[in-house]
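S.K.: Relying on the hints, combine the two individually framed chains into one complex.
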Amino acid sequence: MDSADPDDEKVRALLARAGDQPGPPLGFTSTTIARRGRRIRLLRWGGAAAGALVVLAGAGLSVLLLAHRPAEPAAPPPPTPATTPAVTTTTVTTTPTGTGAADRTTTTSHHFTATTTTTWLTGDPTST
Amino acid sequence: MAYSVPVATDDDFSEYFAARAHALRATAYLLCGDWHRAEDITQVAMTKLYLAWPRLRSVGLDAYARKVVVRTFLAENRRLWRKREHLTHQPPELPTGTGDTEDRLMVRAALATVPPRQRAVLVLRYWNDLSVEETAEALGCSTGTVKSQAARGVAALRRRLGPHFDVLSPDGR
Chain A
1 MDSADPDDEK
11 VRALLARAGD
21 QPGPPLGFTS
31 TTIARRGRRI
41 RLLRWGGAAA
51 GALVVLAGAG
61 LSVLLLAHRP
71 AEPAAPPPPT
81 PATTPAVTTT
91 TVTTTPTGTG
101 AADRTTTTSH
111 HFTATTTTTW
121 LTGDPTST
Chain B
1 MAYSVPVATD
11 DDFSEYFAAR
21 AHALRATAYL
31 LCGDWHRAED
41 ITQVAMTKLY
51 LAWPRLRSVG
61 LDAYARKVVV
71 RTFLAENRRL
81 WRKREHLTHQ
91 PPELPTGTGD
101 TEDRLMVRAA
111 LATVPPRQRA
121 VLVLRYWNDL
131 SVEETAEALG
141 CSTGTVKSQA
151 ARGVAALRRR
161 LGPHFDVLSP
171 DGR
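Residue numbers (the working numbering), protein chains in the order written: chain A, 1 to 128; chain B, 1 to 173.
Calculated directly from the structure, the hints in this document are not laboratory data. Fair warning: there could be bad hints in the mix.
Stated by the list, open to error - Dumping the calculated DMTMM-like pairs for lysine to aspartate or glutamate here, alpha-carbon to alpha-carbon at most 25 Å:
#	chain 1	residue 1	chain 2	residue 2
1	B	Lys147	B	Glu134
2	B	Lys147	A	Asp7
3	B	Lys147	B	Glu137
4	B	Lys147	B	Asp166
5	B	Lys67	A	Glu72
6	B	Lys147	A	Glu72
7	B	Lys48	B	Glu137
8	B	Lys147	A	Asp8
9	B	Lys67	A	Asp20
10	B	Lys48	B	Glu76
11	B	Lys67	B	Glu102
12	B	Lys67	A	Asp8
13	B	Lys67	B	Asp40
14	B	Lys48	B	Asp166
15	B	Lys48	B	Glu134
16	B	Lys147	A	Asp5
17	B	Lys67	B	Asp129
Values in this document were obtained by computation on a predicted structure and should not be read as measured data.
So here's chain B without its partners, still in its complex pose (with noise of 0.2 Å):
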């Protein structure tokens, strides 16, 4: 066992929560698109990861904390309950605006419409921008995998966004 520089207190476990907690939820905010439900599966990935804690090494928290955050998500889908219920902190109607609300809330509905894998990949690929392998890696899949996930991730969000895709983009504004 040649764990480097081992991190086992609580004071270190603080420092790190100060620092990426806010990141990792905006993870799982991206991936779920619902802020209760992120805290919840930051709350979860945090509890593990503390649990974690003294046998991890300080290089991969942060590989450590993603892949448990996205797992979380994962496994949370699975779940029959959670294909029963949907919880959210808005009412269906969502209201108009203008500008970049407006288009951030049109991107998160049409994030929303990807299947759970492919946004699981779009998000590392392209929000954490980890490699292809650094993200078959955090869902425990072949790097092929995650390249065809991503292509489909790509075109369900084209498909759903139709011409805003381009728009929104910085080429397109």
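For reference, chain A alone in the conformation it holds in the complex (with noise of 0.2 Å):
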């Protein structure tokens, strides 16, 4: 298609008349060019450096506050179950007798935060 097409030999000469023309001289030469190549060079050097400092110097730092990372409050020893009973309080009263009232006799124990209270009446059959 390409050498068959008339059309390309037309479009060939037609842009052949267009671009064969000198122009005006070069505003720039291979010294001027290679001077801002060397500059942009150097900005991506420092570029790079400056990236890679700054990486390291994060990695540094993440590395100093993990080694100087405050040590965490030891936490209380789980409560143990007691065996005997911490506080004991006995209690007895006695009502002299020939007053009237019924004799009697009270004992108050107690064991942690449980208290327990029992009356014993003169003659209870459940006292003995």
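M.R.: And the structure:
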């Protein structure tokens, strides 16, 4: 298709007609281009070096923070179940006989938070 | 990395610049139709070429340079400001000339109406004499796209020039 099309040669001739003119002299030289290229290279190197420095500084800071991390406070030990009562209080109240009131003995026992109160009346069959 | 004979010195670049800068600017001029803009494009292309110089193979320099010129032109066309502003060194009313000058202006004006990508295909195919495959490689597209864009570009050029399309060709003269 490319070589068989007669339009190809016509377009080729048209473009040759449009492009075949010297034009104004170039406004830059190879020295200008080289200078600009070197400046761009330098900027790229600087950017890369700065980026590497930032990464290294971040990594170093992370290591330092991990190494000097404050110790967490120790957790309190879990409560152990008591096998013997910690507190035992016994109160015995004796009412003198002959006063008309029934003789009475009161015993109070405390085990941790629980309190058990037992009252025996004189002659109570359960007191034995 | 099997690079063949790397060219890495500024002297080599200066030689290449002296030999090819004008041809690259002519390509850029056909693409954009403005000498000043063509110079800007060539300058950008040459700077990119210089930056890539150490790793370029000497056999692929021209292809690389052409690719950079065309892609720089297309990238500039995509920018919004380029659509709003149009820099030109010529007044809107073109001077009436005779002979070659008038023909050249007519062809250039017709070429300017062709969409940029089709224009790039036309310039690479018919000015730089690249094959369809080389043109596709330079533009980063398929060979089918190159063929269709070339056909559309030629049709647009023919539509714009009218009877001059045949008259200005060698057969018509």
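S.K.: None of the hints should be skipped; say for each whether it holds.
M.R.: Evaluation of the provided hints:
no. : hint                 : result
1   : B:Lys147 to B:Glu134 : holds, 12 Å
2   : B:Lys147 to A:Asp7   : holds, 13 Å
3   : B:Lys147 to B:Glu137 : holds, 13 Å
4   : B:Lys147 to B:Asp166 : holds, 21 Å
5   : B:Lys67 to A:Glu72   : violated, 63 Å
6   : B:Lys147 to A:Glu72  : violated, 73 Å
7   : B:Lys48 to B:Glu137  : holds, 18 Å
8   : B:Lys147 to A:Asp8   : holds, 12 Å
9   : B:Lys67 to A:Asp20   : holds, 21 Å
10  : B:Lys48 to B:Glu76   : holds, 15 Å
11  : B:Lys67 to B:Glu102  : violated, 31 Å
12  : B:Lys67 to A:Asp8    : holds, 22 Å
13  : B:Lys67 to B:Asp40   : holds, 15 Å
14  : B:Lys48 to B:Asp166  : violated, 39 Å
15  : B:Lys48 to B:Glu134  : holds, 20 Å
16  : B:Lys147 to A:Asp5   : holds, 12 Å
17  : B:Lys67 to B:Asp129  : holds, 14 Å
The structure fails to meet hints 5, 6, 11 and 14 from the earlier list, while all remaining hints are met.
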